[in-house]
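Per my numbering, the sequence shown runs over residues 27 to 173.
Hints are computed from structural coordinates only; laboratory data are not their basis.
Nothing here was measured: the structure is a model prediction, and the numbers come from that model.
Do not rely on the hints blindly, as some may be mistaken.
Said to hold, decoys possible - Okay, the calculated beta carbon distance ranges per label pair:
#, residue 1, residue 2, range
1, LYS121, LEU88, 30 to 38 Å
2, PHE62, ASN135, 28 to 36 Å
3, GLY59, ASP151, 33 to 41 Å
4, GLN158, ASP81, 16 to 24 Å
5, ASP81, GLU142, 19 to 27 Å
6, ASP125, ASN74, 16 to 24 Å
7, THR106, ILE154, 18 to 26 Å
8, TYR56, LEU102, 14 to 22 Å
9, GLU67, ALA115, 15 to 23 Å
10, GLU30, GLY78, 20 to 28 Å
11, PHE63, GLU34, 38 to 46 Å
12, TRP55, ASP81, 20 to 28 Å
13, ASP118, LYS31, 34 to 42 Å
Don't be surprised by glycine CBs; every beta carbon is placed ideally from N, CA and C.
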Amino acid sequence: MANEKTTEILNRQVANWNVLFVKLHNYHWYVKGVNFFKLHEKFEELYNEAAGHIDELAERLLTLQGEPVASMREFLEIATIKEAQGERASKDMVKALSDDFTQLSEELNSDIEKLEEMGDEATADMLIAVRQSVEKHNWMLRSFLEE
27 MANEKTTEIL
37 NRQVANWNVL
47 FVKLHNYHWY
57 VKGVNFFKLH
67 EKFEELYNEA
77 AGHIDELAER
87 LLTLQGEPVA
97 SMREFLEIAT
107 IKEAQGERAS
117 KDMVKALSDD
127 FTQLSEELNS
137 DIEKLEEMGD
147 EATADMLIAV
157 RQSVEKHNWM
167 LRSFLEE
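Build the full structure now, drawing on both the sequences and the hints.
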């Protein structure tokens with residue numbers, strides 16, 4: 027059975043990635059302007075990657091005999107990432123995602139440290155891989171904002 031702290035960590039990650047998955051679809055559908063083609067494609071890449079993270083995180087929790095959250099209500103209650111707030115300018119979308127990725131990276135750092143202290147190296151390793159991807163995407167988002 028997954029311990030309470032591991033369950034909390036993985037469920038927050040599942041919730042965050044589900045909220046982000048929906049937010050990325052929102053941006054994918056509503057992006058306009060001169061950066062449409064670049065961002066439309068990038069947002070799709072990111073939501074496809076988010077879907078993979080969601081599945082991997084939930085399956086890790088199930089492997090540990092835990093129960094992943096699985097409803098929109100639960101995602102919104104647990105997530106620290108906020109839904110899209112009606113951003114319509116492409117730079118606002120990218121800025122919001124960069125802020126989200128910064129927050130995710132900080133939470134992942136803390137979560138990895140806690141998991142390592144608890145001796146759960148397998149879950150920590152999984153989150154290290156997620157963090158690496160988040161950091162790379164965030165670098166790209168920040169670079170886009172400096173155009």
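LYS121 paired with LEU88, Cβ distance criterion 30 to 38 Å: holds, 35 Å
GLU142 and ASP81 - C-beta distance against the hinted 19 to 27 Å: holds, 24 Å
GLU67 versus ALA115 beta-carbon gap, inside 15 to 23 Å or not: Hint holds: Cβ distance 18 Å, inside 15 to 23 Å.
Range hint compliance [Cβ, GLY59 to ASP151, 33 to 41 Å]: Between GLY59 and ASP151, where Cβ atoms are some 40 Å apart, the hint holds.
TYR56 paired with LEU102, Cβ distance criterion 14 to 22 Å: About 20 Å separates the Cβ atoms of TYR56 and LEU102, which means 14 to 22 Å holds.
Consistency of beta-carbon spacing, ASP81 to GLN158, with hint 16 to 24 Å: Given about 18 Å between the Cβ atoms, the range holds.
CB-CB spacing for LYS31 and ASP118 relative to the 34 to 42 Å hint: Taking Cβ atoms as reference, ASP118 and LYS31 lie about 36 Å apart, which means the hint holds.
Satisfaction of the hinted span 18 to 26 Å by the C-beta atoms belonging to THR106 and ILE154: holds, 19 Å
CB-CB spacing for GLU34 and PHE63 relative to the 38 to 46 Å hint: holds, 40 Å
Hint check for GLY78 and GLU30 - Cβ pair distance inside 20 to 28 Å: holds, 26 Å
Assessment of proposed distance window 28 to 36 Å (beta carbons of PHE62, ASN135): holds, 34 Å
Range hint compliance [Cβ, ASP125 to ASN74, 16 to 24 Å]: The hint (16 to 24 Å, Cβ to Cβ) holds, given that ASP125 and ASN74 are roughly 21 Å apart.
Checked against the numbered hints above, the structure breaks none of them.
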